[in-house]
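So the sequences go chain by chain: A and B. Residues in the first sequence are numbered consecutively from 1, following my numbering. Residues in the second sequence are numbered consecutively from 1, following my numbering.
Calculated from the structure, these hints are not laboratory results. Incorrect hints may appear among the rest.
To be verified - Straight-line C-alpha distance at most 27 Å; calculated BS3-like pairs for lysine-lysine: (1) Lys-15(A) / Lys-248(B); (2) Lys-236(B) / Lys-26(B); (3) Lys-65(B) / Lys-67(A); (4) Lys-175(B) / Lys-19(A); (5) Lys-4(B) / Lys-233(B); (6) Lys-71(A) / Lys-175(B); (7) Lys-71(A) / Lys-65(B); (8) Lys-223(B) / Lys-233(B); (9) Lys-233(B) / Lys-248(B).
As the list claims (entries may be wrong) - One-sided and incomplete, this derived list gives chain A residues near chain B with beta-carbon spacing under 10 Å: (10) Gly-26; (11) Ile-68; (12) Gly-99; (13) Ser-115.
The model shown is predicted, which means the values in this text are computed figures rather than measured ones. Using N, Cα and C, we set each Cβ at its ideal position, and we do this for glycine too.
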Amino acid sequence: MTPLEHPLEEYDSVKTWFKGLREQSGVDPMSDPSRLRLLGEFCAFVNLDPDQVVTACLLAKEGRQTKISIKGRRGMAEKIAQFQSQLADVDSAERARRGNTIRSFLIHNGILLQSGIQI
Amino acid sequence: MEYKEVVGRRRSIRYFQSWRSVEREKIQIMLEAARLASCAVNATFLKAIVVFRDDLDRETLDALKTPVSGLNIELAPVHIYTFVDMGAYLGAQARLKKLVDVGALNATHGWSHKFVDDFVWPNILKPLAEGGNQPSVAAAAASDAGIAICQAMLAGVDEGLGVCLSAFVYEPIKKALTPPDAWLPLWVLLVGYPAESWEAGGQRPRPPLEEIFFEGKYGKPFKADPKVTEQLKAAKMIQAQAPLPWRKDEIRALARMFGLPE
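With the rest of the complex left out, here is chain B:
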């Protein structure tokens, strides 16, 4: 699938074919997409634990449901529990120097081993590594983790899977999966084959471009060029907005199939 169409087709899928397992290789593809994501100081802030739902015992599965996401968690055959690793700043000094060595950070932009050793590490990164609980540090790290999660989601969509980020209850997962203490819980990325149509009722309503992006300064909207908008429609990045006319019928059918309330 072309990239723009992958972006356009992604939805939060909330009805999965609970009976159909997901091929392990497709999960690997998603993880590789996450691994290759952009990340500050070449630190892999995103850490994740893949759980095949049917490997969880019933008590753990029930304990980690929230009132809002319990059904999604039950329906999805694969759960990817994501965390931000606040310890990922550690080792940044060596990783930055490696980026210098491989030609990613260059003298053209002022980079050198000595700059990393004498300035970047002691003045910037070391304090960050030591102050991981500061909200701004956690937010920056979580932002990087989010980028990686997004790439995994899009790779999943490209593989024909449905994906949805959900909240989860941390304590039972901490007990069952034993992540290190430095890992802060983010989301569970639920993965499975959609039981609803891939359109899932249509592209979700979003504010227009001009409301959320600005040009030059705040308050001056970034105006969308209608020609570009048409190109994106042709490329299936911008698709028919929800609700599609048959959505309520689809939801009723799903409710009957799974025995859910209307």
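Excised from the complex, chain A in its bound form:
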């Protein structure tokens, strides 16, 4: 993978995620260190840094309002599903947690994603 240029928490998208967790969800982002670890693993899985993960879901054209890219979001949702299911030796709750951590990261960066029930 392309090595990350900065520690994860220094990326704008990670700052936005943490702010959203604190302010919207009432969650202390530092309470569970596995959040950042999973995001790091996902970044390695897709070979992108956190900001690039968000940008890959967007459609930006000069002079036009940036939109969510249907194709980009669908592709990223598939990557998350793969990331979630790639570990065979973890239970379904842990798999869901892996995927939902990345979904949470994207959601708080303005990318609406719905995974459906995972119980």
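For chain A, the structure is supplied; the task is to place chain B on it using the hints.
Same frame as chain A, now just chain B:
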């Protein structure tokens, strides 16, 4: 439940007990409430198809989800797909005359069979029936359908159910449920027992009365009488506004229960 409390308790419920089916009789009560709604020219513009989610095959269920409403559609055990029937103007002539016959439209207000036959039908309703695609006609018909949907929603709340209007993707529903071409899709009314508390975090913030209603002319606010406001609070029509202090905890608990992102 008293009417004012029913109005006050209605929320858009977005977490349903997905495992708990809804009694068919409760759905019938909702449909009856819709059937009895006020409607212009006694035309039932609202048409609906009730679908029990578990009767849908997986492919259809997945196809009709939108990015915003997919989870709601999956959680709700009952879907009521609503349509506005642009063909409902047809037959209005006979229905109006029936209203004359039953004493709803009377000579005191100028109504007669001859008025319906010679004026109302040929000059007003027939052109509307023939021009159903005009935006103003569609808007009027959709407005009536909305009134009926609202009554169904309130009846559902009165039965202890949660309700939520959502968008849906029309093509798979058209294919699966085969509504007539004259029916234009509106919303899917999702129904189920709430998995969140009935307060759902509190009454949604709305602009004050004075901002949206006027008296006499536009620009002169319809001022709320504080005494009436207090009466409505006592009657539970006006309730504690969202967010209630425990809402974030509730959402976190729901997220964990259903395996959803925080």
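Hint check results:
1. This hinted pair checks out: Lys-15(A) and Lys-248(B) have alpha carbons roughly 20 Å apart, not beyond 27 Å.
2. At most 27 Å may separate the alpha-carbon atoms for a hinted pair to count; Lys-236(B) and Lys-26(B) meet this at roughly 23 Å.
3. Between Lys-65(B) and Lys-67(A) the alpha-carbon distance is near 20 Å, which keeps this suggested pair within the 27 Å criterion.
4. A distance of roughly 44 Å separates the Cα atoms of Lys-175(B) and Lys-19(A); the hinted pair therefore is violated under the 27 Å criterion.
5. This hinted pair checks out: Lys-4(B) and Lys-233(B) have alpha carbons roughly 10 Å apart, not beyond 27 Å.
6. With a C-alpha separation of about 25 Å, the suggested pair Lys-71(A) and Lys-175(B) falls inside the 27 Å cut-off, and the hint holds.
7. The straight-line distance between the Cα atoms of Lys-71(A) and Lys-65(B) is roughly 16 Å, inside the 27 Å bound, and the hint therefore holds.
8. A threshold of 27 Å between alpha carbons decides the hint, and for Lys-223(B) with Lys-233(B) the separation of about 17 Å falls inside it, so the pair holds.
9. A threshold of 27 Å between alpha carbons decides the hint, and for Lys-233(B) with Lys-248(B) the separation of about 25 Å falls inside it, so the pair holds.
10. With a cut of 10 Å, the hint placing Gly-26(A) at the interface with chain B holds, because the nearest CB-to-CB distance is about 3 Å.
11. Look at Ile-68(A): its Cβ gets to within about 8 Å of chain B, closer than 10 Å, so that hint holds up.
12. A distance limit of 10 Å between C-beta atoms decides the matter here; for Gly-99(A) the minimum to chain B is near 8 Å, and the interface restraint holds.
13. The criterion of a C-beta within 10 Å of any C-beta in chain B is met by Ser-115(A), whose closest approach is roughly 7 Å, and the hint holds.
In this structure, only the earlier hint numbered 4 is contradicted, and the remaining ones agree with it.
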